[in-house]
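Given these sequences and hints, build the entire structure.
Its first residue numbered 1, the sequence shown is counted upward by one per residue in the working numbering.
The hints are simulated quantities; they were obtained by calculation from the structure and are not laboratory data. Be aware that one or more of the hints could be misleading.
Cβ-Cβ distance ranges computed for the label pairs, FRET-style [to be verified]:
| no. | residue 1 | residue 2 | range |
| --- | --- | --- | --- |
| 1 | Ile127 | Gly88 | 23 to 33 Å |
| 2 | Thr130 | Lys92 | 44 to 54 Å |
| 3 | Gln53 | Lys92 | 45 to 55 Å |
Calculated pairs, DSS-like style, for lysine-lysine (alpha carbon to alpha carbon, straight line, at most 27 Å) [what the hints assert, rightly or not]:
| no. | residue 1 | residue 2 |
| --- | --- | --- |
| 4 | Lys228 | Lys92 |
| 5 | Lys231 | Lys220 |
| 6 | Lys51 | Lys99 |
| 7 | Lys92 | Lys51 |
| 8 | Lys158 | Lys99 |
| 9 | Lys149 | Lys228 |
Ideal Cβ placement from N, Cα and C applies to all residues, glycine included.
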Amino acid sequence: MEQIILILMLFIAINCAFKLSLWRWWQAGIYSLIMAVFTVLAYPYAILQSKTQIADYLQNTEALQNMAVIITLESALCFGFCVTYLRGLYGKKNPWWAKLLWWYPSLLLFPVVFYCLTEAIFTFVGIAFTTTAYIVAAIVLIAIPALAKAVQYLVPEKDLRLEIHFLVSLFVCILGLLTTVNGKTVYAAVDEPVNWNAVTLALSLFVILFIVGYVWSQIKYPLIQRWKERKMKKRY
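Set out below in structure tokens:
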């Protein structure tokens, strides 16, 4: 169960980076500044936590169900943003409340940062709590806009970024529902070694298909444009 939570938090951060990549750099900077201030203000509460408390919380089915509801609501907001953004790209007028979806970054990143802060406090036991909090806040302040800029560099097309944002939101929603499952098993799982050949094959297949899709997206639109130009020339 803890591994699922960690994967969920990772994809929440990735999803937030894709959303911020659609913003301007100073807007992402303001959001990262808010997150950094939250990190500094939250450290008195983070030092009161313990590993057993966090482990008990992750095993509490009722708490996980409440968390799944919040994750589902945020995913629904992301879905709504993707739809309204696409309508705007195609020149369709959106209702006034669609602007609220645009300015909604991600509230789920707050508990993710809080969890990272508590883990940093548990790990660096010889460092003062305030020092650890300021270091984590500085990392958050730099990392959030840097990730958004990296997403813009790696995926320059806005429509493709929007599509990935939609898919990651769907994946986050599914993981949020999976967290409601009780982590206790009724049988002992067989301890088997990791099949690295299968893992390597799957990752290689993913990379190859991603490259093929990216190259095809770069070639398809010029070909369609040339075909339309030739069709127009034949008419006249």
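Consistency of the hints with the structure:
1. Ile127 - Gly88: 23 to 33 Å: violated, 47 Å
2. Thr130 - Lys92: 44 to 54 Å: Distance hint for threonine 130, lysine 92 holds at roughly 51 Å.
3. Gln53 - Lys92: 45 to 55 Å: Distance hint for glutamine 53, lysine 92 holds at roughly 49 Å.
4. Lys228 - Lys92: Holds. Lysine 228 to lysine 92 sits at ~24 Å (cutoff 27 Å).
5. Lys231 - Lys220: Distance ~17 Å between lysine 231 and lysine 220 Cα, so the pair holds.
6. Lys51 - Lys99: violated, 40 Å
7. Lys92 - Lys51: violated, 50 Å
8. Lys158 - Lys99: Answer holds: lysine 158 to lysine 99 is near 18 Å, not above 27 Å.
9. Lys149 - Lys228: At roughly 34 Å apart (the allowed maximum being 27 Å), lysine 228 and lysine 149 break the hint.
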